[in-house]
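Residue numbers (our numbering), protein chains in the order written: chain A, 2 to 82; chain B, 2 to 82; chain C, 7 to 240; chain D, 24 to 782.
Simulated from the structure, these hints should not be mistaken for laboratory data.
It cannot be assumed that every hint is accurate.
Listed next, with one range per pair, are the computed distances between beta-carbon atoms [to be verified]:
| no. | chain 1 | residue 1 | chain 2 | residue 2 | range |
| --- | --- | --- | --- | --- | --- |
| 1 | D | GLN600 | C | THR182 | 30 to 36 Å |
| 2 | D | ASP33 | B | GLY33 | 51 to 57 Å |
| 3 | C | ALA178 | D | PRO432 | 44 to 50 Å |
| 4 | C | GLU121 | D | THR43 | 54 to 60 Å |
| 5 | C | THR182 | D | ARG777 | 19 to 25 Å |
| 6 | D | ASP327 | C | ASP83 | 47 to 53 Å |
By construction, the Cβ of each residue, glycine as well, lies at the ideal position given by its N, Cα and C atoms.
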Amino acid sequence: MKAVVCVTLKPDVLDPQGRAIQRACATLGWDGVADVRQGKYFEIQLQTTDRAAAERMARELCEKLLANPVIEDWRIERIEG
Amino acid sequence: MKAVVCVTLKPDVLDPQGRAIQRACATLGWDGVADVRQGKYFEIQLQTTDRAAAERMARELCEKLLANPVIEDWRIERIEG
Amino acid sequence: MFAVIQFPGSNDDRDMCFAVKSALGAEVALVWHKRGELPPGTRAVLLPGGFSYGDYLRCGAMARFSPVMAAVKRFADAGGPVLGTCNGFQVLCESGLLPGALLRNQALDFVCDPEQRVRVEQAAAPFTSRARPGQVLRIPIKHGEGRYVAEPAELARLDAAGQIVLRYCDAAGETTPDANPNGSVGNVAGVRNAAGNVMGLMPHPEHAAEEGLPGGCDGLVILGSLVDWLERAR
Amino acid sequence: MTQLREPQVDRALAREHGLTDAEWERILEILGRAPTFSELGIFSVMWSEHCSYKSSRVHLKTLPTTAARQPSEVIGTVLVGPGEGAGAVAIGDGLAVIFKIESHNHPSFIEPTQGAATGVGGILRDVFSMGARPIASLNSLRFGPLEDPKHRMLLRGVVHGIGGYGNSVGVATVGGETSFHECYRGNILVNAFNLGLVEADKIFLGQATGLGNPVIYAGSKTGRDGIHGASLLASAEFDDESSAKRPTVQVGDPFTEKCLIEACLAAMRTGVVVGIQDMGAAGLTCSSFEMASRAGTGIEMDLDRVPQRAANLSPYELLLSESQERMLLVTRAGEEQRVLDIFADWDLDAVVVGRVTSDGRMRVRWHGETVVDIPVDPVAANAPCYDRPRQVPADLGERQKLDLASLEPESDPAGALLALLDSPNLASKAWIWRQYDSFVQGNTVIGPGGDAALVRVKREDGTPTRKALALSVDCNPRWCWLDPHAGTVAAVAEAARNVACTGARPLALTNCLNFGNPEKPEIMWEFAESVRGLGDAAAALGTPVVSGNVSFYNETSGRAIFPTPTVAMVGLLDDFQRHAVSHFAESGLAVVLLGETREELGGSEWLALRRDLEAGLPPAVDLAHEKRLHGLLADTIAAGLVRSAHDVGSGGLAVALAECGFTGPADLRIGCRVALADAIRADALLFGESTGRVVVATADADALLARAAAAGVPARAIGATGGDRLVIGPAGGAAWIDVELATLQATFARGIPRRLESA
Ligand SMILES: Nc1ncnc2c1ncn2[C@@H]1O[C@H](COP(=O)(O)OP(=O)(O)O)[C@@H](O)[C@H]1O
Ligand SMILES: [Mg+2]
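Build the full structure now, drawing on both the sequences and the hints.
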């Protein structure tokens with residue numbers, strides 16, 4: 002199965018990358034871009050055919066490895082496969 | 002409206018970050034992780050209430066700024082608002 | 007006169023000016039990225055190293071939209087010599103002035119090595135006329151995203167057309183995997199465009215331009231070639 | 024208008040803010056009323072240990088902070104001492120250096136990459152806010168054992184943070200130190216040093232002078248990050264709940280910092296800036312109070328003008344946020360537009376948020392309401408000051424006990440040498456410093472890998488000079504634990520000796536005192552002893568203490584770190600081309616040992632590694648000898664008599680000789696053959712860590728020995744450079760150690776990467 006996971010900075014944490022992109026948009030004349038937040042995106046191939054097991058593994062991965070809970074939130078976007 | 006966009010490396014471009022995560026999983030004892038690919042994730046706040054307009058803007062952003070077509074693919078994950 | 011473009015986040019801009027001026031005696035001006043035109047009298051453009059716009063998003067991705075880049079593009083299209091080092095190389099690739107792209111180093115870590123060697127594959131004006139073909143130069147590197155990639159077909163084409171100018175090598179000139187600091191395909195360290203007037207390289211010739219410092223003086227082979235070319239074209 | 028809804032302010036809330044009952048009474052007395060919520064927040068951060076130095080001030084006052092030399096154009100004169108952002112010392116030619124070291128320990132333990140990154144950002148701002156261009160950084164790092172996966176992760180994260188930030192802002196990281204010990208398992212140390220260069224008569228101070236002058240906020244917008252971050256985090260012990268009540272950790276933005284450096288330096292060149300300070304710990308509050316206090320003025324501020332990143336920030340949050348990359352400037356009235364335009368050109372926010380007043384009060388408005396109205400001085404300059412009780416640790420005698428006679432002699436010297444070179448504390452730190460840009464700005468003569476870094480002085484306009492600055496950061500925490508006074512003296516001596524090994528003369532120092540909980544008398548004793556040692560050594564070597572930082576509460580679950588007074592020394596070399604390197608540069612030179620080897624194994628790496636013992640007294644330091652030694656090195660290196668000089672440090676003479684052989688350029692490897700004649704046990708000769716020793720290589724041993732004799736420095740020719748082996752033995756006997764350099768080098772090089780690669 003494949004787990005798709007997103008890790009983003011917590012809302013109150015400064016996101017210099019997102020801010021820089023938003024500013025670049027403004028100077029490029031795309032005024033309609035009010036805000037950009039950048040995060041990380043992971044596609045994880047899991048050796049299991051059990052959806053629940055896959056979800057459990059993905060969750061553990063997020064908690065222990067992919068995100069630092071001090072500054073980041075994570076979300077399992079979907080499990081497919 | 003908010004556009005959610007994912008940018009990933011093209012399949013044949015080496016992704017050492019994904020590989021490092023996969024290896025870390027193995028050494029941590031999570032043997033079931035067969036492969037990891039890492040990409041970028043963007044949440045973009047757009048000053049429009051028109052879904053089609055938002056989609057158009059997001060597409061243009063991806064083509065011109067958020068992804069480098071030499072090495073990356075992009076996908077508009079969803080438009081919400 | 008050399009124009010050294012200063013983006014917000016450029017770091018080696020002043021060092022580049024220093025090298026060009028004090029080691030080669032050439033005239034040089036820093037040009038702020040918000041200018042729409044190159045200063046009158048500009049005969050060569052240098053895009054320096056650093057972290058333009060923080061290198062957020064992708065290295066060089068935002069600098070290419072700076073107002074001055076339109077002028078640099080016109081200058082290059084008219085045949086003017088443009089040299090990008092490190093971040094400057096990344097900006098040139100992102101701008102489409104050079105083929106390929108630069109990605110995060112394969113080992114994922116930033117790598118600083120004052121002793122990196124590169125082999126000159128093409129000894130030709132305007133950037134490498136002072137070198138012998140096959141000459142090994144010692145030019146420092148320092149970058150986190152210097153892994154050059156291009157599709158295999160594209161790479162073969164570049165090779166055939168003599169557009170690959172420098173490759174990472176060991177002290178003996180061998181382009182071994184161990185001598186490759188970042189995982190670049192084919193050990194590519196520097197490329198030029200089809201017309202030959204735009205070149206990018208990850209090493210820093212401006213940091214190998216002063217006697218008595220550990221970087222040595224091999225960088226002057228490249229910067230000096232450009233000076234020679236301008237003299238001759240005068 | 025938003026209604027201000029804030030908690031009831033009382034004694035209980037004050038306690039929650041870390042204020043004692045006595046401090047609460049004092050606040051009531053100062054104000055003549057109960058504070059507002061914002062005011063309570065201000066008192067709590069300003070009187071926190073981190074900002075007020077309330078437990079350390081009585082001791083720090085004793086340090087020598089000015090050079091004996093005068094007047095102000097003379098090299099070595101302290102132009103700005105402790106108290107400002109950083110210290111400033113004249114280096115001649117109308118130039119001065121500005122430098123400081125600071126801790127970012129707790130944030131780095133919670134989020135290693137961002138914690139370390141923001142540590143670098145903060146120290147840079149301390150330096151460039153005084154008008155100096157930052158030219159060189161160092162870092163001092165302490166982790167728990169690398170066998171612990173958490174500490175491998177912390178090491179990786181911290182190094183990525185330091186590199187990620189330092190490399191992006193274009194300041195060379197030219198050296199540092201890294202060590203590992205069990206005592207840091209619950210509390211790592213990340214100390215960041217920066218040095219900048221400025222014209223001696225263009226130093227800016229953090230002062231809000233000039234009635235009616237505008238106060239300008241510049242840089243990043245204020246967010247909700249780090250409220251009570253650095254200040255409170257650094258003013259309380261760690262425990263298992265720290266994670267729950269964690270404040271938001273700040274994320275560094277090196278791009279904004281780089282733009283700030285350039286914009287601030289440009290703004291200062293206009294001549295209209297009268298005062299400038301960065302917003303560090305306690306943010307807007309600390310910077311405005313300190314600026315007003317130094318100038319004897321007041322400030323009136325309107326928080327609604329502060330650039331804000333998050334919606335609905337309360338005045339409390341606006342005042343206490345520790346968002347990074349922000350500066351506070353005061354300019355001459357009517358001329359602020361010139362400064363605002365410069366920031367605009369760099370796409371940075373810059374706004375006039377207030378004015379300088381004459382009544383010595385801080386008045387802050389928010390939504391038309393006065394939320395703060397307090398006198399400046401009682402909060403800033405007259406913060407509480409405690410002389411806390413001290414007590415000799417009960418186990419000190421136990422720590423210091425070591426009976427050499429009953430210590431089994433080393434039976435396998437070659438094996439011991441390999442084991443030492445492989446140990447993380449002594450192994451190559453190249454894995455770390457290869458990730459740092461060590462030569463941007465084009466001045467690095469000696470980068471990481473030698474005894475001290477050497478950085479050529481180039482003026483801001485690009486004109487190079489012949490001068491160079493030597494930099495080294497040192498501390499042996501085990502020695503400081505065994506004897507905090509002697510250990511700290513040794514740290515100063517080692518830092519100065521490392522600097523002297525390049526040929527430079529030690530000029531002045533900065534320090535970062537990392538200790539446990541000062542409320543514990545045994546910790547306070549360690550601290551006081553250490554400060555006493557710092558003062559004694561600084562005075563004896565003529566290197567004043569020009570800046571520094573105290574980091575207390577480095578404890579987890581009641582276990583304190585070893586006392587770790589990190590010392591960073593700055594030296595000056597007249598001609599950068601006439602320097603010595605630390606590796607052998609040529610074959611066929613005589614190897615001379617300066618200084619004396621005594622039978623000292625207490626606190627040594629050998630004892631810890633081979634006998635699993637951390638005990639004894641640290642080796643003695645003879646400061647008068649040190650001073651003579653430094654002078655001899657400077658003279659003989661300038662005369663071209665000495666080509667290479669390497670300090671004998673951890674691991675002793677055997678390790679030092681091995682390092683001389685292979686720490687130069689990648690393809691340079693030069694062995695040596697050495698005979699040692701001293702009548703002391705062989706393991707002490709090989710691995711003892713007697714201080715005041717330097718291995719030098721010279722083409723003219725007789726001339727060098729004569730100079731040494733004249734200078735009163737013990738010196739002895741012990742061998743010659745050449746070959747591809749390290750051979751050390753007794754005079755006339757079979758060698759104790761005879762190993763190929765390549766083997767030693769491989770062991771040294773792989774020590775750290777090998778452990779990082781393990782699972
Ligand atoms: N964290 C670090 N950052 C940069 N350089 C470092 C770091 N740690 C160690 N180094 C470098 O590695 C070399 C060896 O360090 P160290 O073992 O402390 O030397 P010494 O014992 O001579 O003081 C020095 O040149 C030092 O600058
Ligand atoms: Mg040291």
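Outcome of the hint check:
| no. | hint | in the structure |
| --- | --- | --- |
| 1 | GLN600(D) - THR182(C): 30 to 36 Å | 34 Å, holds |
| 2 | ASP33(D) - GLY33(B): 51 to 57 Å | 55 Å, holds |
| 3 | ALA178(C) - PRO432(D): 44 to 50 Å | 46 Å, holds |
| 4 | GLU121(C) - THR43(D): 54 to 60 Å | 57 Å, holds |
| 5 | THR182(C) - ARG777(D): 19 to 25 Å | 22 Å, holds |
| 6 | ASP327(D) - ASP83(C): 47 to 53 Å | 50 Å, holds |
Checked against the numbered hints given earlier, this structure breaks none of them.
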